[in-house]
Amino acid sequence: MMHLGDPLRAVRHLSNLHAWLAITAVVVSSSAGDVLLSRAMKKIGDLGDLRRRRGLLFVALLALRNKYFLLGVGCMTLSFYSLLYGLSWNNVSLIGPAAASLTFVANAVGARFFLHEHVDHRRWIAALLVGGGVVLMAL
Amino acid sequence: MNLRKYLVLLGVSIFAPMGDSLLSYGMKQVGNISLHHPSQLFFAITNPWVGLGIVLLLGFFASYMTALSWADLTYVLPASSLGYVLLALIARFVLHEQVSLTRWLGIALVSSGVGFVTSGPELTKRRRSKHQHPEQIHAEVSR
Chain A
1 MMHLGDPLRA VRHLSNLHAW LAITAVVVSS SAGDVLLSRA MKKIGDLGDL RRRRGLLFVA
61 LLALRNKYFL LGVGCMTLSF YSLLYGLSWN NVSLIGPAAA SLTFVANAVG ARFFLHEHVD
121 HRRWIAALLV GGGVVLMAL
Chain B
1 MNLRKYLVLL GVSIFAPMGD SLLSYGMKQV GNISLHHPSQ LFFAITNPWV GLGIVLLLGF
61 FASYMTALSW ADLTYVLPAS SLGYVLLALI ARFVLHEQVS LTRWLGIALV SSGVGFVTSG
121 PELTKRRRSK HQHPEQIHAE VSR
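Chains as they are written, first to last, in the working numbering: chain A, 1 to 139; chain B, 1 to 143.
Treat the hints with caution; some may be incorrect.
Among the chain A residues that face chain B by a calculated CB cut under 7 Å, a handful are [unchecked claim]:
| hint | residue |
| --- | --- |
| 1 | 34 |
| 2 | 46 |
| 3 | 74 |
| 4 | 87 |
| 5 | 117 |
| 6 | 118 |
| 7 | 129 |
| 8 | 136 |
| 9 | 139 |
Using C-beta positions, here's what the derived DEER-type ranges look like [to be verified]:
| hint | chain 1 | residue 1 | chain 2 | residue 2 | range |
| --- | --- | --- | --- | --- | --- |
| 10 | B | 108 | A | 13 | 32 to 40 Å |
| 11 | B | 119 | A | 113 | 19 to 27 Å |
| 12 | B | 3 | A | 8 | 52 to 60 Å |
Here are the simulated SDA-like cross-link-like pairs (lysine to any residue), alpha carbons at most 20 Å apart as the crow flies [as the list claims (entries may be wrong)]:
| hint | chain 1 | residue 1 | chain 2 | residue 2 |
| --- | --- | --- | --- | --- |
| 13 | A | 43 | A | 75 |
| 14 | A | 43 | B | 62 |
| 15 | B | 28 | A | 94 |
| 16 | B | 5 | A | 51 |
| 17 | B | 28 | A | 14 |
| 18 | B | 28 | A | 13 |
| 19 | B | 28 | A | 81 |
| 20 | A | 43 | B | 5 |
| 21 | B | 28 | A | 18 |
| 22 | B | 28 | A | 91 |
| 23 | A | 67 | B | 43 |
| 24 | B | 28 | A | 20 |
| 25 | B | 28 | A | 48 |
| 26 | B | 5 | A | 53 |
| 27 | B | 28 | A | 75 |
| 28 | B | 5 | A | 48 |
| 29 | B | 28 | A | 8 |
| 30 | B | 28 | A | 93 |
| 31 | B | 28 | A | 11 |
| 32 | A | 43 | B | 124 |
| 33 | B | 5 | B | 97 |
| 34 | B | 28 | A | 21 |
| 35 | B | 28 | A | 15 |
| 36 | A | 43 | B | 123 |
| 37 | B | 28 | B | 43 |
| 38 | B | 28 | A | 16 |
| 39 | B | 28 | A | 66 |
| 40 | A | 43 | B | 122 |
Calculated directly from the structure, the hints in this document are not laboratory data.
Note that the Cβ used here is the ideal one computed from N, Cα and C, for glycine as well.
Just chain A, same shape as in the assembly (with noise of 0.2 Å):
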């Protein structure tokens, strides 16, 4: 209502709320597949090794008959199709490295909670520096 005299407000208004509505769905989503993705690797193993000892296909079938791989592409698609809803309302410059910088942290705290890694400071700084400086970039 209080966009009614300025409708150039009232659209930039709406492509905002769009997009982080997008951003977030995005954050939870991704991070919520990376976690699911990476633990599904860890119990399946080096994925390099194993195609050349046993080929592609066996590596193929052994992700395909993963839970955690499946329910972790399921996270991804929801992601993949929130970037896309995203972008069609507002520029790659904010969805991209809003998107990434705060899944950075929440994947941090995914992991030292459900994959149980051994997230020291060095990687809290890591995380927190590179989230830091990829929105600065989009500045």
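Fit chain B to the supplied structure of chain A, relying on the hints for placement.
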């Protein structure tokens, strides 16, 4: 870390930002998509730029899965973010775009983060896979 692993990380770094850029270019042609017509999202992939972006993102996915099979998630993500830096350097030196001071500062922060994480071990906890030989696991852990 060996050359093969660095190449895999480079693949993750390059394919993701290039794929995202092509998706963005394609989606600008497709136009705004309404929440009331979500089926438009499925038709968006018929745009050639969106299609090419998807091919590059499949390359990213393959490299990413390979990296996650031998490294922690909290190692792979920061280590593979050099792609943002590469894009900015291409913009400055190949496309001759103006890169602002804040963007250079961002590049410095991302590079420091990458340097920080890659100077440590890529794996902090090793789960034994039933598909791997015990000797391989021993060799990787002691590497």
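Hints violated by the structure (numbers, ascending): 3, 23, 25, 27, 33 and 39
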